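Each chain is listed here by its residues.
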Amino acid sequence: GESVGLHLPTLSVQEGDNSIINCAYSNSASDYFIWYKQESGKGPQFIIDIRSNMDKRQGQRVTVLLNKTVKHLSLQIAATQPGDSAVYFCAETPNTNAGKSTFGDGTTLTVKP
Amino acid sequence: EPEVTQTPSHQVTQMGQEVILRCVPISNHLYFYWYRQILGQKVEFLVSFYNNEISEKSEIFDDQFSVERPDGSNFTLKIRSTKLEDSAMYFCASRFDRMNTGELFFGEGSRLTVL
Numbered sequence: 009g010e011s012v013g014l015h016l017p018t019l020s021v022q023e024g025d026n027s028i029i030n031c032a033y034s035n036s037a038s039d040y041f042i043w044y045k046q047e048s049g050k051g052p053q054f055i056i057d058i059r060s061n062m063d064k065r066q067g068q069r070v071t072v073l074l075n076k077t078v079k080h081l082s083l084q085i086a087a088t089q090p091g092d093s094a095v096y097f098c099a100e101t102p103n104t105n106a107g108k109s110t111f112g113d114g115t116t117l118t119v120k121p
Numbered sequence: 010e011p012e013v014t015q016t017p018s019h020q021v022t023q024m025g026q027e028v029i030l031r032c033v034p035i036s037n038h039l040y041f042y043w044y045r046q047i048l049g050q051k052v053e054f055l056v057s058f059y060n061n062e063i064s065e066k067s068e069i070f071d072d073q074f075s076v077e078r079p080d081g082s083n084f085t086l087k088i089r090s091t092k093l094e095d096s097a098m099y100f101c102a103s104r105f106d107r108m109n110t111g112e113l114f115f116g117e118g119s120r121l122t123v124l
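Top to bottom, those sequences are chains A and B. Under our numbering, think of the first position of the first sequence as 9, with each following residue one higher. Under our numbering, think of the first position of the second sequence as 10, with each following residue one higher.
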């Protein structure tokens, strides 16, 4: 199961499928973008980041894509596992205060075994 | 692995009371932040702190809020006279900044319930 294009507040996928979580950001001056994972009862945890001069960055099982033309960010998770179930937030950061992040609406990912 | 620690994990208080939330950032980090998250909503920036002073604050961070780094390890958020709408999860975060990245290391949060 995949979801492309629109931001959805929830996404449910089968274990082993790929997941795509989308995010629209608002500030064209944002310099740096981060995806965070938040498990129930915990603080946000860094997953992967990307600078505004890049359009793609890969990590372990995760890929972030940045489309500055339409101010859109996506997170792809390969071979989704039950441990990936969480709320995922994108965050944009201006170059004036590198730690001041504006978080987007979260997407709750549920992975079905 | 070094982590940001926060206390208390949960505090219940009466409206109008003062609350202090405490954080111990990662020891070699230089920049400190408070964020809050109202139940079911997005994480919101409150304040950033560097070199013993506030570097930026949001509209939420009004006069009833204050932050302090009283010693070399603690970073506190004080809410002077709590309101019902202050009920939220408060997250402390820190970063090192040598690479000017925005990656923040968050604590597990302090849940504040105002009755």
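Hints were generated in silico from the structure; no laboratory data involved. Check the hints yourself; a few may be wrong.
Coverage of chain A stretches by chain B, computed from C-beta distances (three or more under 8 Å per stretch; other residues unrestricted) [what the hints assert, rightly or not]:
hint: 1; segment: 63-74
hint: 2; segment: 108-121
Distance ranges between label pairs, derived from CB positions [what the hints assert, rightly or not]:
hint: 3; chain 1: A; residue 1: Asn75; chain 2: B; residue 2: Gly49; range: 25 to 35 Å
hint: 4; chain 1: B; residue 1: Leu39; chain 2: A; residue 2: Ala37; range: 39 to 49 Å
hint: 5; chain 1: B; residue 1: Asp71; chain 2: A; residue 2: Pro121; range: 40 to 50 Å
hint: 6; chain 1: B; residue 1: Gln73; chain 2: A; residue 2: Lys120; range: 14 to 24 Å
hint: 7; chain 1: A; residue 1: Arg69; chain 2: B; residue 2: Asn37; range: 21 to 31 Å
hint: 8; chain 1: B; residue 1: Asp80; chain 2: A; residue 2: Lys120; range: 45 to 55 Å
hint: 9; chain 1: B; residue 1: Ser90; chain 2: A; residue 2: Gly24; range: 48 to 58 Å
hint: 10; chain 1: B; residue 1: Pro79; chain 2: A; residue 2: Asp39; range: 30 to 40 Å
hint: 11; chain 1: B; residue 1: Leu124; chain 2: A; residue 2: Lys50; range: 17 to 27 Å
hint: 12; chain 1: B; residue 1: Tyr59; chain 2: A; residue 2: Ala87; range: 14 to 24 Å
As the structure is a computational prediction, the values presented were derived from the model and not from experiment. Glycine is no exception: its CB is placed at the ideal position from the N, C-alpha and C atoms.
Tested hints:
{"no.": "1", "hint": "63-74", "verdict": "violated (count 0)"}
{"no.": "2", "hint": "108-121", "verdict": "holds (count 7)"}
{"no.": "3", "hint": "A:Asn75 / B:Gly49: 25 to 35 Å", "verdict": "holds, 28 Å"}
{"no.": "4", "hint": "B:Leu39 / A:Ala37: 39 to 49 Å", "verdict": "violated, 24 Å"}
{"no.": "5", "hint": "B:Asp71 / A:Pro121: 40 to 50 Å", "verdict": "holds, 46 Å"}
{"no.": "6", "hint": "B:Gln73 / A:Lys120: 14 to 24 Å", "verdict": "violated, 45 Å"}
{"no.": "7", "hint": "A:Arg69 / B:Asn37: 21 to 31 Å", "verdict": "holds, 29 Å"}
{"no.": "8", "hint": "B:Asp80 / A:Lys120: 45 to 55 Å", "verdict": "holds, 48 Å"}
{"no.": "9", "hint": "B:Ser90 / A:Gly24: 48 to 58 Å", "verdict": "holds, 52 Å"}
{"no.": "10", "hint": "B:Pro79 / A:Asp39: 30 to 40 Å", "verdict": "holds, 33 Å"}
{"no.": "11", "hint": "B:Leu124 / A:Lys50: 17 to 27 Å", "verdict": "holds, 25 Å"}
{"no.": "12", "hint": "B:Tyr59 / A:Ala87: 14 to 24 Å", "verdict": "violated, 40 Å"}
The earlier numbered hints that this structure contradicts are 1, 4, 6, 12.
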